[in-house]
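Following the hints, complete the assembly by docking chains E, V and R onto the known chain Y.
4 protein chains.
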Amino acid sequence: MIGFCLVGGGFIGPLHAANIAARDDAKLAWVVDLNTSAAESLGVRFGAQTTAELDRALADPAVHAVMICTPPRTHVALIERAAKAGKAIFCEKPVDLDIAKVDVCAETIARTGVPFFVAFNRRFDPTHRALFDAIRAGDIGRPEMLLLSSRDPEISPPDYVAQMPYGIFYDTMIHDFDMVRWLLADEIVEVFARVACMLDASENPHRDPDTTMVQLKMKGGALVHVNSSFRATYGYDQRIEAFGEKGMLLSRNQQPTSLERHSAQGIRQDPLLRFFIERYAESYRRELDAFIGALKDGTRPPIGVADGRAALAVADAAVASVRSGSAIKMDA
Amino acid sequence: MIGFCLVGGGFIGPLHAANIAARDDAKLAWVVDLNTSAAESLGVRFGAQTTAELDRALADPAVHAVMICTPPRTHVALIERAAKAGKAIFCEKPVDLDIAKVDVCAETIARTGVPFFVAFNRRFDPTHRALFDAIRAGDIGRPEMLLLSSRDPEISPPDYVAQMPYGIFYDTMIHDFDMVRWLLADEIVEVFARVACMLDASENPHRDPDTTMVQLKMKGGALVHVNSSFRATYGYDQRIEAFGEKGMLLSRNQQPTSLERHSAQGIRQDPLLRFFIERYAESYRRELDAFIGALKDGTRPPIGVADGRAALAVADAAVASVRSGSAIKMDA
Amino acid sequence: MIGFCLVGGGFIGPLHAANIAARDDAKLAWVVDLNTSAAESLGVRFGAQTTAELDRALADPAVHAVMICTPPRTHVALIERAAKAGKAIFCEKPVDLDIAKVDVCAETIARTGVPFFVAFNRRFDPTHRALFDAIRAGDIGRPEMLLLSSRDPEISPPDYVAQMPYGIFYDTMIHDFDMVRWLLADEIVEVFARVACMLDASENPHRDPDTTMVQLKMKGGALVHVNSSFRATYGYDQRIEAFGEKGMLLSRNQQPTSLERHSAQGIRQDPLLRFFIERYAESYRRELDAFIGALKDGTRPPIGVADGRAALAVADAAVASVRSGSAIKMDA
Amino acid sequence: MIGFCLVGGGFIGPLHAANIAARDDAKLAWVVDLNTSAAESLGVRFGAQTTAELDRALADPAVHAVMICTPPRTHVALIERAAKAGKAIFCEKPVDLDIAKVDVCAETIARTGVPFFVAFNRRFDPTHRALFDAIRAGDIGRPEMLLLSSRDPEISPPDYVAQMPYGIFYDTMIHDFDMVRWLLADEIVEVFARVACMLDASENPHRDPDTTMVQLKMKGGALVHVNSSFRATYGYDQRIEAFGEKGMLLSRNQQPTSLERHSAQGIRQDPLLRFFIERYAESYRRELDAFIGALKDGTRPPIGVADGRAALAVADAAVASVRSGSAIKMDA
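For the record, the sequence lines run as chains Y, E, V and R. Okay, so the first sequence: first residue is 1 according to this note's numbering, each after it adds one. Okay, so the second sequence: first residue is 1 according to this note's numbering, each after it adds one. Okay, so the third sequence: first residue is 1 according to this note's numbering, each after it adds one. Okay, so the fourth sequence: first residue is 1 according to this note's numbering, each after it adds one.
Okay, chain Y solo, but in the shape it has when bound:
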């Protein structure tokens, strides 16, 4: 029975708490949040102790793993404390927005030897995973082009946007940069990015980029395109297309029902699933599976701090490309 300490009871925290509770090999032991009522609400619901002080929870030997669901800027300090306490760590992406801090963090993890996992949940989506498996199985031969569309139905609230400039790269497309590396099992060596502000000032008051296209080149030669937008009116648009010497694989979108309505106006289906939590519900369950499986088997969790760093470096390069107008070379 793996005991978890959840740090951060907002947003994605309750989702992970429920997934832990549904398992028979894991238990939510503690919820840590400065917001006492958020912690208590989860504690009551899932039978966990609550505190505003992480050290109390870390001192509990029933805690084997710390799950970090707080805002990104707090991650590194929490990782340091959890690592020093010898706990396994499940950390929401990104590790941090400052690559130097990620490097310090990586050293701590290496030195303490604690299992560490960055929660790039999309790797665990059944359809994306089936695409990955098909590439590995050689179904399309050598991959030559990869295209990802990664569009949100809405921009985040202004406060959130203000805290993370270029969030379209650091918060959204960082998932895609990770997917590119994982799907192609290769490193990105060149980044060319262009952005636009297409939303009105009323919706996007900080004029942070809300639309972007990025073109990447891989060390092995494959060409990659990624695009993102914060106003996909038709739902959460999440498609991947891998083209290779023997064929093409498409991870298509998903809809709430499979109803088809025929009328004189045409054939109509549901819009796409709108919320990422619905769209990726299964991926959240399966990433927890993978993390717990690694703890049980004593193996390294499948996505490490180096993966978190690599995706962040691509986001940095994308910003540099936008600012300079040039393609940015990366070491691979």
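Incorrect hints may have been included.
Which copy is meant is left open, so a pair is good if it fits within one copy or across any two.
Restricting the straight-line Cα-Cα distance to at most 30 Å, the calculated cross-link-like pairs of lysine-lysine (DSS-like) are [what the hints assert, rightly or not]:
id, residue 1, residue 2
1, Lys-84, Lys-27
2, Lys-27, Lys-219
3, Lys-84, Lys-101
4, Lys-217, Lys-329
5, Lys-84, Lys-329
6, Lys-246, Lys-27
7, Lys-329, Lys-219
8, Lys-296, Lys-219
9, Lys-296, Lys-217
10, Lys-217, Lys-101
Worth flagging that the hints you see were computed from the coordinates, not collected in a lab.
Below, chains E, V and R without anything else, positioned relative to chain Y:
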């Protein structure tokens, strides 16, 4: 160069005339129609002679084949005259609505030995044909169930309906009865039919059935369902589903474009192609191919008078089933 | 907090037990099974008491509802005992296979006034429900034809088949008969059924029908087709098509992933979901929702004993039609 | 009756000749080809005179329009001669590969005032046109991103490749550059391109780029992605996706049949149409319609020499981007 005499310049006649004109191995030599202006209009367009008297055209040695596109009640007399003149015959379905007259006709054809073809065009549709080929290739093993949906967007005009009671069987579903026999390479031994008048009196003043479901049993044991309606608002709905021990084949509908429109209201595609002449354009070309090919090769055209008779007998049985309320057995 | 006593720990029982456990307004209090180890395994997993004696559980005031998941022939006796103990009842379909016993049961339920629910889960599937809602909203106007395909990938084991002759009607298509009544909000007045044994003797040693087509007529005039098979190699095939004066609605099949694979051999997608428990996972959750919701609100559960009886009567009529070769009229 | 002189009897010439022949308002008067047997074969088939000397045909007053289907390097000289003879000109793309020569050509066309049409056939494809119409109608509001996939199943023969280096831009993607300008009604202001040689030396002995991704920026701010490959094993892949403030439009691929095959291995459809002549058959008919329509109405043909020049300039910029590694700015 096969010379054709087209009898009947209305409705489907011009379509066949254009298909003949587009070939380099056939020529439209004569157009015969009591309506002189209809004949002349086609004659001018395709460089053919015109007449109201069939015998003039039959006397022309440049006429090798007679294409009969007149109303069904005139078919048998025209077939008799063309057969006696030794011409090959391409006859629109049905041969006749009276099975006794079809039998007389069959004798004439047999006696004169002229090539005879009943134009069940759907057998030549590329998708239906691919389904047929897949069955023959054993892709689904032994066929166990067959389902056909055969729906028109509109009922025929009242005058037309008045001339052919139970037209839903004799005019529309007769195609499906032929498809069933052809696809399964088997004979129908039982017919159970139910009908309804769903249209308003304004649209269907004769209260002739406009909606029907028919359940058939084949000699070999397969079960078959066919349905039809005269108000498919979303277009000309033509689907076939063959289920067998190893799988299922679906001949799906077709649309004018492959555009997909995503919005907050959902994903919308075009309604189905609306007119049978568009939907089955390729089948009309290919049935002419098959007829001309048989004439050139000296082989028997692929759909004979016995096929026309068999489909008509099923339509008769469907009417008998509706009237009696019982399933009707057929000799196979 | 609604306390449940689950009777029958095999097959579908554990699924319902897990769905109860995932709720915060219900609790699995008891598991009753003659098979002690089955009961204990569930009891340990979900923190419930276990017994082989129903009366012990019924005596517990923490039990508000009895969930009956035993074989059909045991349902009536269990319903009687639970009703007399004043417990709400959630009963797996069918209520019984003998309509006279169902009638006795209905009297008991009426007399005791206990809430009673027959678990026709398909009514709660999100896509089928969306189709139902669209009919109710008038999207297709008056429904004129309804088609259901309801095919299993495999026949049940011989022992199971031996216990329920014509299981294709009583066990499988009884769902469809219920769906027809529910979707059309109308009663079935005529039943015509044909069956076949298509499977080999090795797979279907009892030669019980494994393939069937049924044609129904509704009191309001709509025509209905239902087909079923026990060897859909491509997965659990569950489609509904409703055709009406203004259009058509299709509840299409579902697949485990949305991956599409393009190669020189064509475009390939996953086969259908294979197991009914996966395909209808959400419907099982939602039927529990509906039952518990009714208990909380003090309303009548949405599917009653009269619905269970009506679907059974159609199954009886289908057998009578097969035996007599005729269409069977039903009182509506 | 518009008389045509076809120059160039190979490849695309016979297609256009057949489309002319199928019309009742146009006639193929002459076929001009240095290859006498190619000219004669078409002449016999369509009843046209033949010659190796263009001037003979241009001298015929029955020739109203010259259709240029020869290799690109010969286009300008032919245009000059036809323009001086006062004939309307239908010219296959590209006008020329040297932009200076195109400019000279444009002057001649302006000076002589002859109607001139560059045959960018894809603008006339019914589905692409429906996408264009939907943008114009405001269905997606302001377009923000445009993605085009334009992949051939095979590379051209080595001889053809040798004559046109960077043919992936000049021969293939030039269509897409035209589509971008047309669909967005906007000019391209920045071009960033990357290429790869993915084919083996046996298939691509000249090591000319066979795979490419291009990212464009429009004057109005929209971002555009185009990709191309010469080995789409699954057929001729031609997709367009337009994303805007109100939704998304997809021009999807097309297949030879609408058959769907279900088995334990999954659901399989046909691969895509393989040949561009099949895929774009309707667009070739409709571009001829547009050209002839303009001649009849005395209006300017819808795609002029300036359009041909603009697409060529983007191809030049793509090559410059590949060579320099930088994004190339364009005047708009």
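Tested hints:
For a Cα distance limit of 30 Å, the shortest separation of Lys-84 from Lys-27 inside one copy, 22 Å, qualifies, whereas the shortest one across copies, 40 Å, does not. Taking identical chains as interchangeable, the C-alpha atoms of Lys-27 and Lys-219 are never at most 30 Å apart, the minima being 43 Å within one chain and 56 Å between chains. With identical chains, the CA atoms of Lys-84 and Lys-101 are at most 30 Å apart within one copy only, with a shortest distance of 16 Å there and 69 Å across copies. For a Cα distance limit of 30 Å, the shortest separation of Lys-217 from Lys-329 qualifies both inside one copy, at 9 Å, and across copies, at 21 Å.
Within a single copy, Lys-84 and Lys-329 get their C-alpha atoms no closer than 36 Å, and across copies no closer than 53 Å, so neither meets the 30 Å cut-off. In the homo-oligomer, the alpha carbons of Lys-246 and Lys-27 never lie at most 30 Å apart, since the shortest distance is 46 Å inside one protomer and 44 Å across protomers. In this homomeric assembly, Lys-329 and Lys-219 come within 30 Å of each other (Cα to Cα) both inside a single copy, at 11 Å, and across copies, at 27 Å. In the homo-oligomer, the alpha carbons of Lys-296 and Lys-219 never lie at most 30 Å apart, since the shortest distance is 35 Å inside one protomer and 56 Å across protomers.
For a Cα distance limit of 30 Å, the shortest separation of Lys-296 from Lys-217 qualifies neither inside one copy, at 38 Å, nor across copies, at 51 Å. When the C-alpha separation of Lys-217 and Lys-101 is checked against a cutoff of 30 Å, the pair qualifies only within one copy, where the shortest distance is 27 Å, while the shortest distance between copies is 35 Å.
Comparing the model with each earlier hint shows violations of hints 2, 5, 6, 8, 9; every other hint is respected.
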